[in-house]
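**Student:** Once you know that position 162 of the sequence shown is 192 in the working numbering, the rest is easy, because the numbers rise by one and skip nothing.
Derived by calculation from the structure, the hints in this document are not laboratory data. Given the structure is predicted, the values throughout are model-derived calculations rather than measurements. Backbone N, C-alpha and C define an ideal beta-carbon position, used for all residues, glycine too. One thing to keep in mind: the hints can contain errors.
[Unchecked claim] What follows is a set of in silico ranges between Cβ atoms, one per label pair, in the way DEER data are often shown:
no. : residue 1 : residue 2 : range
1   : 60        : 165       : 24 to 30 Å
2   : 139       : 172       : 39 to 45 Å
3   : 89        : 186       : 18 to 24 Å
4   : 274       : 48        : 28 to 34 Å
5   : 231       : 106       : 26 to 32 Å
6   : 62        : 123       : 51 to 57 Å
7   : 118       : 193       : 46 to 52 Å
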Amino acid sequence: MYAPERQQEILRLARDGGRVDVLSLAEEFQVTAETIRRDLKALDRAGLVRRVHGGAIPAGRLDFEPDLAERESTAADQKDRIAEAAVAELPHDGTVILDAGSTVSRLAAALPLEATLTVVTHSLPIAARLADHPGIQLHLVGGRVRHRTRAAVDAWALRAYSEIRADVLFIAANGFSPSYGLTTPDLAEAAVKRATMRAARRVVLLADSSKNGQEHFARFGDLSDVDLLITDRGLSPEDVSAIERGGTEVLCV
Numbered sequence: 031m032y033a034p035e036r037q038q039e040i041l042r043l044a045r046d047g048g049r050v051d052v053l054s055l056a057e058e059f060q061v062t063a064e065t066i067r068r069d070l071k072a073l074d075r076a077g078l079v080r081r082v083h084g085g086a087i088p089a090g091r092l093d094f095e096p097d098l099a100e101r102e103s104t105a106a107d108q109k110d111r112i113a114e115a116a117v118a119e120l121p122h123d124g125t126v127i128l129d130a131g132s133t134v135s136r137l138a139a140a141l142p143l144e145a146t147l148t149v150v151t152h153s154l155p156i157a158a159r160l161a162d163h164p165g166i167q168l169h170l171v172g173g174r175v176r177h178r179t180r181a182a183v184d185a186w187a188l189r190a191y192s193e194i195r196a197d198v199l200f201i202a203a204n205g206f207s208p209s210y211g212l213t214t215p216d217l218a219e220a221a222v223k224r225a226t227m228r229a230a231r232r233v234v235l236l237a238d239s240s241k242n243g244q245e246h247f248a249r250f251g252d253l254s255d256v257d258l259l260i261t262d263r264g265l266s267p268e269d270v271s272a273i274e275r276g277g278t279e280v281l282c283v
């Protein structure tokens with residue numbers, strides 16, 4: 031396959047899936063990763079895609095947001111390991127905030143039966159998962175529910191988080207980087223995330239390495255606002271060092 035044909039197919043895949051990554055493309059087209067990077071660079075110069083860490087997204091898709099089912103099935107093994115590691119960060123008899131997100135939802139599923147916690151969440155799926163847990167005092171934050179994430183947003187949610195103080199927040203992000211910070215596609219969801227960060231003494235970001243370098247429409251904080259990032263081993267040593275220079279501890283599992 032000649033380069034123009036391959037680039038056209040890469041563009042189609044990016045538009046269909048919302049994102050392509052270098053290694054998967056190299057395997058699919060049976061070429062080197064460097065060849066794919068040159069293809070993405072050419073498409074980027076043409077204004078057809080925007081390069082992000084490890085791949086590319088279609089031009090004009092900074093607001094791309096996969097639905098809940100798609101996110102649940104993406105990087106499942108990595109998310110399970112991240113969630114298991116996050117259990118060690120739970121306070122004993124303390125209060126935690128659980129943000130809406132597929133990896134945070136896995137943490138909710140991994141909570142030990144003997145755990146005794148007060149849990150505050152604006153995520154309907156997480157609340158449903160924890161409603162029958164014998165050791166958890168559950169507080170569900172209300173508001174307008176976004177269909178795509180099943181999360182409560184807007185004034186009621188913001189007011190609720192302004193009135194509490196939690197020991198630990200477990201937060202999700204669609205993208206993170208030392209330069210641009212923490213991002214998500216939706217402004218209303220970003221506002222709630224900011225409110226949860228203000229409400230917590232300690233902030234733990236649960237994000238797989240594919241989110242590294244991604245930038246989305248709505249920014250809700252600096253990476254230095256995060257005390258601990260738990261991610262997978264796909265993060266390079268250089269990226270780990272750059273993040274830790276900003277004061278954030280990094281745990282790769």
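**Student:** Looking at the structure, which of the earlier hints fail to hold?
**Tutor:** As far as the earlier hints go, 1, 2, 3, 7 are violated by this structure, in ascending order.
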